[in-house]
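Participant: Sequence:
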Amino acid sequence: MKAFEPKDLFKTTLVFFLFLSLCSCKTQNSENEQTDIQEDNIDKAFICEEINVLPEYEWQKSVSFPDRLGSIDDTLAMNSIIGFEGYSGQGELYLQAKDVSSFDLFINSVRCEGLESDKLYHIDYSAYAVNGTNSLQVSNVEGDGKVEVYIPYPVLIEGTLAEEGFKEECFELISDIIENDIAYGFPSAQLAIIRHGKLVYNQTWGYLNSYDQNGNRLTDPKEANNDTMYDLASVTKMFSVNYAIQKLMSEGKINLTDKISDYLGDSFYEDTLDFSYDFGVQTDLDTQKDWKASLTVEDLLKHQGGFPPAPRYFAIGLDAPSQEYLPDAYNVLFAGYQHSEETKQATIKAFDKTPLVYEPRSRTMYSDVDYMILGVIVEMIADQGLDEYLKENFFEPLQLTRITYSPLDNGYEKYDCAATELNGNTRDGAVYFPGVREYTLQGEAHDEMAYYSMNGVSGHAGLFANAADLAKLAYLMFTGGYGGYKFFDRNVIDLFASPIAIDTANSGLGWARQGDDQRSWYFGSLTDSSTIGHQGWTGTLVMIDQERDIVMVYLTNERNTALTDKEVNANDFNGLYYTASTLGFVPEIFSIGLDSDSDVKPVLTSLLSSMVADAKGLIPDNANKDHPAYLNYLSKVKVYEDWIKKYGE
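If you want this note's numbering, it's the 1-based position in the sequence shown plus 3.
Calculated from the structure, these hints are not laboratory results.
No residue lacks a Cβ here, since even glycine has one placed at the ideal position from N, Cα and C.
Where hints are given, some of them may not hold.
[Said to hold, decoys possible] Each pair of labels, with its calculated beta carbon distance range:
1. A186 with K417: 41 to 47 Å
2. E327 with T222: 39 to 45 Å
3. E171 with E327: 50 to 56 Å
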């Protein structure tokens, strides 16, 4: 691009016209042909504004031309070109030329003209932005100076389903299924969808609390809404510990190879108690100490540290080797149940005492202890509570207002939250331990080790959020930044999202991965192997489909129901029998017809017919008409009948 010359009459006229927008820009159709920007398509031009001060941002890209790579080589066309992440419908950058007489600027191969040397510009290129990698070229720079370009990260904007390739009929069916399941007994659900940097769907169904403690349907329950926060359970792991460690690694403050004992001290292995778990490897104390001394941050992120899944440090009457409640048993790992900072510190000492179930790195076993320990390490590095660190470093920069630990202690009311278990942690009276909560849980972490052992703030559970805020947080896994904030290096994102081994491709560093169709129950069967996310025991799911550029957050409180038969299974909640609790049904349905022009109504009608048959086949032989499996079947029949009325066979 040549600098603006007043002697050029054509350019003078064009500049005068476009300086109504403070800057002159034009498109170029070919090397020798120019197209005037007419008044009726000014909104399709670059919007350039001269400004005085460069924002104090953390930039996605900050580059200087010519020779951005710092060396000269006539084979390096890339010396004049840089790629960066962006999305259609949005895009801004800042540019300043210093001591140059002319230069050419192209954004996504479209020429931008009229920029003068020694001026600072804000350029809105959203009319030419594309989804994914965008290109910027600064070439033919004449003079002894530099052209400096600063590119922030993309942000979320509003969008529509149709514009981003979704079939609205698919979401109509998803909504019909959830609405009818709620009519037949399911508690509530919330769904947010982001694609291509746009929030395209945000909807809530059902009630904050649907039943009394006897399992009777409430006659006048309070409705949930898009602000309602859900207990995320183990989804917490990704958006507390994983996000914190990804950021700390990007800042060079922690390494995967760091030993756990580097943070917790030699007592982490020296204080190990001399017993083996009945379900684990039987070994001597010296071997146990050696195993624990070898543990690294990476081992715990991979769930390959060897810790038992949930040693229940809060239960005094537990037999530690068998992990069973037995008469006259005393839990040698007991740390307290007072929901206090004192109990949390006692629990941290209990980590030191805890033997391993197997040799580290010899197998993978999901354990909450891994993330409890990692959360403590984050607190030690940050020198503040995990909740405070996340608030200052993620929630506040992103302006998230519906995500927090311990809602009732942080300015929220219980009616800001969807309720979970009806009778505390008792499983309708089937479970008891001293200190157990017996009231309906609403605004308090359901997870026992988060609530009793870690004072409500833990790396493995305890976060509450609504779907929209959580989706915005998950969106960081695409670019690592947001607007003027950088959170993660691209290489760190790729490392954490990659499979930990060929034979464990369904797991990354903490992240669950689709792998070879291994997480279809959560991500559906139509997602790419690179899809990552996590689910939570309370009925929550985050899915990040990197191939199709989709974030899905689906939150339910499926445990807000009575148990089907507590004598048979103390974790068999009625809510688990409904289609709405099968988290992967949402991406399975919205993937139908994605990015195509096909008519999906016949496809969905046929699918519904099969869903009715499958729901009927899942009814136990001895089930009565009040059994949730039967009610789920009636719900599918109703959806199918209504669908036929609307769209025909």
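Participant: For every hint, state whether the structure bears it out.
Facilitator: Hints versus structure:
no.: 1; hint: A186 with K417: 41 to 47 Å; verdict: 25 Å, violated
no.: 2; hint: E327 with T222: 39 to 45 Å; verdict: 40 Å, holds
no.: 3; hint: E171 with E327: 50 to 56 Å; verdict: 51 Å, holds
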